[in-house]
Amino acid sequence: MYFQKSQQKHDVVIIGSGAAGGMAAWNLTKLGVNVTVLDAGQKFDRTKFWSHVKPWEWRDRLERGLRPPQMVLDPKEQPYETPAGQTFDLTRVWGRGGKTNIWGRVSLRYSDVDFEGPAKDGWEIPWPLRYADVSPYYDKVEQLIGVCGGTDDQDSLPGSKYMLPAASPRCGERLMQKAAKGIGISIVSGRRAVLTKEHNGRAPCHYCGACGKGCDVAAFFNSSDYLLEPALKSGKLNVVDNAVVARVLVDEKGKASGVQYFDRNTKQEHTIQAKVVVMAASCIDSTRILLNSKSARYPNGIANSNDVIGRYLTEQTRFHMYGFLPELRGAKAQNDDGIGGEHIYMPRFNHRDGKKRDYLRGFGSQFWGSGAVAEASFAKSLPGFGADFKKGVKNRYPALVALHPYGEVLPRRDNRVTVEGTPKDRYGMPIARIEFKLSDNERKMVEEMYDTAESILHAAKAEILPYKRGELALAGSAIHEHGTVRMGDDPKRSAVNSFGQAHEVKNLYVLDGAIFPTATEKNPTLTILALAWRGSDQLAEEFRKGNL
Amino acid sequence: MKTRRQAIRSALAAATVPLAAAQQQHQHQEPLSQIQNVKKTPKFFGADEMKTLARVVDLIIPRTDTPGAADAQVHFIIDGNARARTSFGAAMRSGLTSLNGEARKKDGKAFVELSETEQIALLTLFMNEQGASRASFFKMVKDATIDGYYSTQEGLKTELGWNANTFLKEFPGCTHPEHQV
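For the record, the sequence lines run as chains V and P. Counted from 1, the first sequence has number 111 at position 111 by my numbering; the numbering is strictly sequential. Counted from 1, the second sequence has number 10 at position 10 by my numbering; the numbering is strictly sequential.
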């Protein structure tokens, strides 16, 4: 194979350009450091998004052989495996901005209930951070990207003075807030990275509800427009597209010396030399690359002599419950698109009501899909057929509300990513094997999650759509993978410090969700951004001092 | 030459016009074409199968004061799905055969030749068979009809009144005093 070796020694090479990689690139270039970003895909053309293609036009276009931009990576191109009988629904986006092109945008600050949880209950290692360490970075991130939300903060959901105006709740959301309040459960205003007014010169949301197809005016944060583009203007950033990284290279002193990558289109192999390597390829892919970075010095993968990397994979477990509110039955359907997704949130409450639980950690709830949505799949769960059935669907359609509780999965040593003996990908590198099982702790928590969702719907006098208790969403489908390169103060039990710097390899950083020691019950992107900002501040400082 | 959208975007980038003004000009992508009244041809099912399927989807979601599933060409949507996913197509085909087989048992008439009452009775029979393959066929065709119909203009817009995925300057949310917390 033709082997192209670049002689130039780069300052910092960042692998991946999503929330973590984009933030590191933006912040480091701002601090005067030269950065090269390797992205496994390329820039998505916002003008080609099918943001405003109606469902029937969508089908018409597909029939004509047209396709929207393919953002989600086809697992056929980069497979992963799971043991028989287990599934893990992994979603990856290769391309500038990564998953932030289509993310759910829910932006909840972690609280000390989250950061102190493991230290208090003693399950696995503590976070090396507290809210006070992260809070200044949350402030900065919110000002930079624009997050809308309310002032109805709680101990489990800290707020800030930097919120853009909250999105007004839809009818069904208001009615659920009211019903929940009656039984002592508070449902607050949602916090979302959507611009409800012009922010830093960026166009506000125009409430078309198509965020999941990518926003054609970038009215919600995506790493490509908000971070990479400004960083490119600094002249200090170089982005290499379609660079699929295989491994981190090591020098004779055991330090990271660069990376080896393959061109996604030509399959040509390249190496790039760097003084500092930053992993930001998302939890599973960063982990796979590190485990594949084997050498005489690091037979277990770079920075993994303590066998921590790949283990403690964690996320959140979820289910979906639907109901129909009596006040809205038979009403005229409204345009319920709003900012896409729910405008409300149920913060964790199980830590403060004084009742003892037979499980650790907690859950919150989201409510997306409440109101008149662009489909009626709930009808599949209604009995019968014919004219009365049709009438029943129409009558319930505007009254639909949806509950999606998210419960923290405990980190466990045997929930893990490995590359030993797995098949090779198209570049000859071992693919990831993902082993992931729930434990009794989650099963017990799920019972209370069901009780809570039911009690809210009962309080709202809703007709509950038939469901099977205990039937959970696919593992991985929350798209919040964490834990496999966890941070900690103890170098024996963790892989990186609170700045994402590897304990064993000082010039290797990991900044994506892999470094979170726990998943918490919350969506992680805001915290990934805050920690990547904090970590890259320290990186720049250490780099300037010549410590790397 | 720049398209209108590109022009708006570069105007936004250069901030030579106030954002609000540019926003008002924001045009949503033109529909590729109005759905033309071209005669559709089945791509997976045969003519008789299409006739049966059209009748079945129309029994599940019939024409009332609004169009039904057959009006919305849902049988053609299912036909397209069958071509794209042949395991689904094969299961549908075998279900349609079984439905016609059951119809012919009495006096040799195909499903479409039965009276509406008889057709409904037959579909009900299929629907209520506990755990049997005929019940799973009914569930499959019902689900496909729901997915198809409520994604058409007839089903989603005309029947349910969905009128979204559009440009709004403001989102008022719930304005009913009786719904407030």
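Worth flagging that the hints you see were computed from the coordinates, not collected in a lab. Certain hints may be false.
Stated by the list, open to error - Mimicking DSS-like on lysine-lysine, the simulated pairs with C-alpha atoms at most 30 Å apart in a straight line are: (1) V/K461 x P/K157; (2) V/K140 x P/K169; (3) V/K332 x V/K43; (4) V/K140 x V/K76; (5) V/K332 x P/K157.
Comparing the hints with the structure gives:
1. Taking the CA atoms of V/K461 and P/K157, the gap is about 28 Å. The hint holds against a cut of 30 Å.
2. As the CA atoms of V/K140 and P/K169 are separated by approximately 28 Å, the hinted pair is consistent with the 30 Å bound.
3. A distance of roughly 41 Å separates the Cα atoms of V/K332 and V/K43; the hinted pair therefore is violated under the 30 Å criterion.
4. Distance hint between V/K140 and V/K76 is unfulfilled; the C-alpha atoms sit about 39 Å from each other, more than 30 Å.
5. Of the pairs offered as hints, the one joining V/K332 and P/K157 holds, with about 12 Å between alpha carbons and a cut-off of 30 Å not exceeded.
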